[in-house]
Amino acid sequence: MPKTAADKIWDAHVVRTDDADRDLLYIDLHLLHEANTPVAFDNLRAKRRTVRRPELTLGTEDHVTPTIDTAQDLTGTVAGPFVASMRRNCAEFGIELYELGHASRGIVHVIGPELGLSQPGSTIVCCDSHTTTHGAMGALAFGIGTSQVEHVLATQTLPMTRMKNMRVTVEGELPAGVSAKDVALALIEKIGTAGGQGHVIEYQGSTIRAMSMEQRMTLCNMSIEAGARAGLVSPDEVTFAYLAGRRHVPTGEAFNAEKEHWAQFVSDPDAVFDREVRLDAGALSPRVTWGTNPGQTVPLNSVVPTPDSFTDPIERAAAERALAYMALEPGTAMGSIPVDAVFIGSCTNGRIEDLRQVAEIWRGRTVASGLQVHLSPGSEAVRRQAIDEGLDKVFAAAGVPLHAPGCSMCVAINGEVLAPGMRTASTNNRNFEGRQGPGVRTHVVSPAVAAATAVAGRLAAPCDLQLEG
Amino acid sequence: MTPLITHTGIAVPLRRDNVDTDQLYPAQRILNAPQTRTGHADALMADWREDPDFVLNKPAYDGASVLVAGRDFGTGSSREWAVWALADYGFRVVLAPRFGDIFRGNTAENGLVAGEMSEADIEELWVWLEDAPGSRIEVDLERRTVRCGESRYDFGYPEHFRQRVMRGLDEIALTLEHAAEIKDFEARRRVTMPRVTDRAAR
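In order, the protein sequence lines correspond to chains A and B.
Numbered by my numbering, the letters in the first sequence go through residues 9 to 477 in order.
Numbered by my numbering, the letters in the second sequence go through residues 175 to 376 in order.
Excised from the complex, chain A in its bound form (with noise of 0.2 Å):
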């Protein structure tokens, strides 16, 4: 019978079956970060169990830690009790832990696959709901709780449920400054936050086959705000040609040998899914959110939407509140209005390539004064190949300075936060109430519009930048 990518990944994991229709799924990479896992550790030593196998646990820092100052004393900051408490976990277990300041260290979904330990046809899991990203890697990679964190630990499976099948087709070229950030936006703007729910969805198409493993990372992280358990992209020689030379990644004969392997874990051309959804890339345009969810999204160059234009009495509420708390009149044109502040980084859009958008469209120019800028990238990876490109350099030129990875601003709990009724452009994966900070206005937007916003002041594309001369 043919079967998707996750089906078979799924089936190579199943331990068990329990009466419930549950599988025992085994799960071959648990990765952790200090923000939400300090009470799984404390259970653990409570019920006297143990990490049944440290050797597929990978710890890092990157939620509460600064990515300003990373050489300042943590004890007494908002990071110092996660930070302290991390370590001494990690150590006790005998889990590999890269800390603040260590080379390999990054946003736990960008070091996943920089390090070459997602690979295709294993199963992921973190307690983080982005741990969707993974899943370009063609891994069956989603986010856990705690309680599942300590269950993990403890037995290194998880009883799940089967996930429904959806796929989601792409086909045609994107447009000139239209990234896969538009095509996540566009495709929840869709189906809506919960349009993906009790499904993994598989991105097929050629837009997707022409998409780096950058731009599939940032389209499977997405998949949580489409309400998705997973989101999927089959591995195929962009995925192995990604994968070569890196360091959890065998080279040589052994390499052939896992290309082969890992080659088997694609989708079976008339393989049946649950749901179908279809984009067409050429249709698209630069998207930007205007409300409190990320299905509130629109093109960038049109303008807000009127509450009376959503039939669904919920909806037509729920973009009420959304406007009295993004302070917006119905009817303003996306593109005029200004930011306070631009945030770029996030396991949304931390990647190099990310990096090397914002700076084309920097270069020559800077960025618009009294405008908060932060920019942060998604490992040290990264921030190191961002300098080895003279980046940082580009960005220093515009008046911005490359900061140490981590979360910051995306979740705003290390201490950068902004100000009460900020308004900002994040390339981000929230425009949740509070999301950056309490009373702050978050559009979600890509690299190209976060870069173009952070120069006119205002939310705009790279190409209302060349208009302007």
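By construction, these hints were calculated from the structure, which means they are not laboratory data.
Fair warning: there could be bad hints in the mix.
[Stated by the list, open to error] Covered, in the sense of this in silico footprint (three residues per stretch, anywhere, with C-beta under 8 Å from a C-beta of chain B), are these stretches of chain A: (1) 29 to 40; (2) 45 to 52; (3) 165 to 174; (4) 202 to 208; (5) 420 to 429; (6) 438 to 449.
[As the list claims (entries may be wrong)] For lysine-lysine, the following DSSO-like pairs were computed, each having C-alpha atoms within a straight-line distance of at most 30 Å: (7) K357/B - K267/A; (8) K357/B - K55/A; (9) K172/A - K232/B; (10) K357/B - K11/A.
All values derive from a computational prediction rather than experimental measurement.
Built from N, CA and C at the ideal position, the CB exists for glycine as well.
The hints should help you fit chain B onto chain A, whose structure is shown.
Below, chain B without anything else, positioned relative to chain A:
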């Protein structure tokens, strides 16, 4: 956790959809939160509770233990604090037309019931609860029904959640009973799969 088979308590109508986990537990609150499953009641919907007119601030709903919310409750971040805060505040049951998957997965381990009801039934409950604030709802896990006055409604609740909540089971202990099968699986597992501690490749 305390097993739950039936529960009767004051129900709160929360007429909002997409109540994401950032609203249930604002991220900045995490920084000063105790690193335990308890001690989170004050953080629950903290930003919204600053508004004196917010439904949870109305005296009629003091001591509420059933939350009746709009669709897509608990979407967003995986933070289990959202569930801990609900449980700590005193909620034992949340009823909504649809839940975020990770949030729902986090509930059972903490003895919180996340029951799915149709939009129309939720609307009826809201109207009823708004007409008679402080009313009690009876939740029966055995029958998967909700009783509210003379009306009775069914709710959806996966069997594995139901078993765990009704019996107060420790899921990890259940899995560890199958340690031999896990070991067998590991013996069959591909040896070249990456290990974090193995950096021989470079």
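Right, here's what the structure says about each hint:
1. 29 to 40: Coverage by chain B holds for the segment 29 to 40 of chain A (6 residues, Cβ < 8 Å).
2. 45 to 52: Per the Cβ count (3), the hint holds.
3. 165 to 174: It holds: at least three residues are needed, and the segment 165 to 174 of chain A offers 3 whose Cβ sits within less than 8 Å of chain B.
4. 202 to 208: Holds: 3 residues of the segment 202 to 208 of chain A have a Cβ under 8 Å from chain B.
5. 420 to 429: holds (count 3)
6. 438 to 449: holds (count 7)
7. K357/B - K267/A: holds (26 Å)
8. K357/B - K55/A: holds (21 Å)
9. K172/A - K232/B: violated (41 Å)
10. K357/B - K11/A: holds (27 Å)
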